[in-house]
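So the sequences go chain by chain: R and F.
For the first sequence, the UniProt record's numbering begins at 1 and goes up steadily by one.
For the second sequence, the UniProt record's numbering begins at 1 and goes up steadily by one.
Hints are not guaranteed to be accurate.
Computed list of lysine-lysine pairs in DSS-like fashion (alpha-carbon distance at most 25 Å, straight line) [said to hold, decoys possible]:
hint: 1; chain 1: R; residue 1: K17; chain 2: R; residue 2: K70
hint: 2; chain 1: R; residue 1: K140; chain 2: R; residue 2: K28
hint: 3; chain 1: R; residue 1: K173; chain 2: R; residue 2: K17
hint: 4; chain 1: R; residue 1: K70; chain 2: F; residue 2: K204
hint: 5; chain 1: R; residue 1: K140; chain 2: R; residue 2: K204
hint: 6; chain 1: R; residue 1: K204; chain 2: F; residue 2: K70
Partner residues aside, some chain R positions facing chain F, computed with beta carbon under 7 Å [unchecked claim]:
hint: 7; residue: E69
hint: 8; residue: P147
hint: 9; residue: L150
hint: 10; residue: E151
hint: 11; residue: M191
Please keep in mind that the hints were generated in silico from the structure rather than gathered at the bench.
Note that beta-carbon positions come from the ideal geometry of N, C-alpha and C, so glycine has one too.
There are 2 protein chains.
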Amino acid sequence: MLVGYGTYMDLVPDALKQGKDHIVTGMKKELDRVNAAVDAACEGRDTVVISSGDSGIYGMSGLVLEVLEKRELLDDVTLNVIPGIPALAAGAALLGAPLMHDFAVISMSDLLTPWERIESRVSHAAAADFSLVIYNPRSKRRDWQLPKALELVREHRSPETPIGIVTSAFREKQQIQVTTLGEVKPEDIGMLSIVFIGNSQTRKVGNRILTPRGYADKYAMGK
Amino acid sequence: MLVGYGTYMDLVPDALKQGKDHIVTGMKKELDRVNAAVDAACEGRDTVVISSGDSGIYGMSGLVLEVLEKRELLDDVTLNVIPGIPALAAGAALLGAPLMHDFAVISMSDLLTPWERIESRVSHAAAADFSLVIYNPRSKRRDWQLPKALELVREHRSPETPIGIVTSAFREKQQIQVTTLGEVKPEDIGMLSIVFIGNSQTRKVGNRILTPRGYADKYAMGK
């Protein structure tokens, strides 16, 4: 039994889907979907909940675990979480090497998280010179959070700080944009994008972004 | 041409290695290895630099880009970075769902980074209630950094905060340990481990770790 949100189910190769039952539900029906999957598992069926990227990073694995706990099925249903390539790794690969040093990952979605907490995380991450990865940067209804976050980062980082925006990494409508903290236009960023903001050492290398790890100094490679 | 550190080269399936030349060098010979790979690419050979996990997270992709820049070969050598499953995703999958919300990733290695910067990142990340992922937590020669970092986290987080330690995820000598900030013993942690520290909401669920994303409140699932 395969259970998933339509958009992600479409990404599963047909060969893997053939001969299996499906439960497909729409956006924001996460809880219905997980309950249906758990029901199927309780009937003794091998059941897979599909998640895009890595299911452990803003994906479905947490909700599955939470539902098993709530329904007191932790000892009865065997749960295996299969890791995947998270969007932060896919996007970074397309940009060059923006995450070679310590980084922080923050979702701009305040649907399930108070904005004050998100704001505090952006400020602390910027102050500690982390590279930042911004998930869910912007949607039609959530349009002011990303500009506000960029404003907070500007208090700690120069306008030349490289920014990479990757949309639909390794998928059909893939887009890659390299810009700077001074020139980024939040209105060009959509709900399928993730945004990479460099640390104080990050620089453009050709049309790529590099956050050096310090080998240059250590091995006297020069700049 | 395959270029890699011996330990990681051994993980490449034989079928992929057959019929290809190899350059294998020891630990800490990263720069020699990358230069040899670039030399081979300049001779017109398809060349692969092997990195474990995801090459963009404390891996080899940054150094390759840096060497191409330094040798002024950015326009002459085509570089493709192939994303992989980073240790943070592999480890999280084995622990349950510890990274379902915002998190920060920090290496304890002060070989290439001043300790003051690492310390500042740990403190800021703890203050902003990020979950933490600690890479390179401890080696024979670097034994005081992890205890010091745990001490900094304790200023912001309760002793009950779940900690997960994963060693050699999905490999032969895989080990998984779930403990707490109050009970963790740094001397049990080695150079092949990565350490997950929960945020203020993280809890144990059975023998797993869950950082809830907030669905419980939103959908009135209860606890």
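Okay, the hints, checked on the actual structure:
1. R:K17 to R:K70: violated, 30 Å
2. R:K140 to R:K28: The given pair, whose Cα atoms are some 15 Å apart, holds under the 25 Å limit.
3. R:K173 to R:K17: holds, 23 Å
4. R:K70 to F:K204: holds, 13 Å
5. R:K140 to R:K204: At roughly 31 Å apart (the allowed maximum being 25 Å), K204 (chain R) and K140 (chain R) break the hint.
6. R:K204 to F:K70: holds, 13 Å
7. E69: This interface hint holds because 5 Å falls under the 7 Å limit.
8. P147: For P147 (chain R), the interface hint is violated, since the closest Cβ of chain F sits about 19 Å away, which is over 7 Å.
9. L150: violated, 17 Å
10. E151: It is violated, given that the least Cβ distance between E151 (chain R) and chain F is near 17 Å, above 7 Å.
11. M191: The hint is violated - M191 (chain R) has no Cβ within 7 Å of chain F, the shortest such distance being about 17 Å.
Violated hints for the displayed structure, listed by number in ascending order: 1, 5, 8, 9, 10 and 11.
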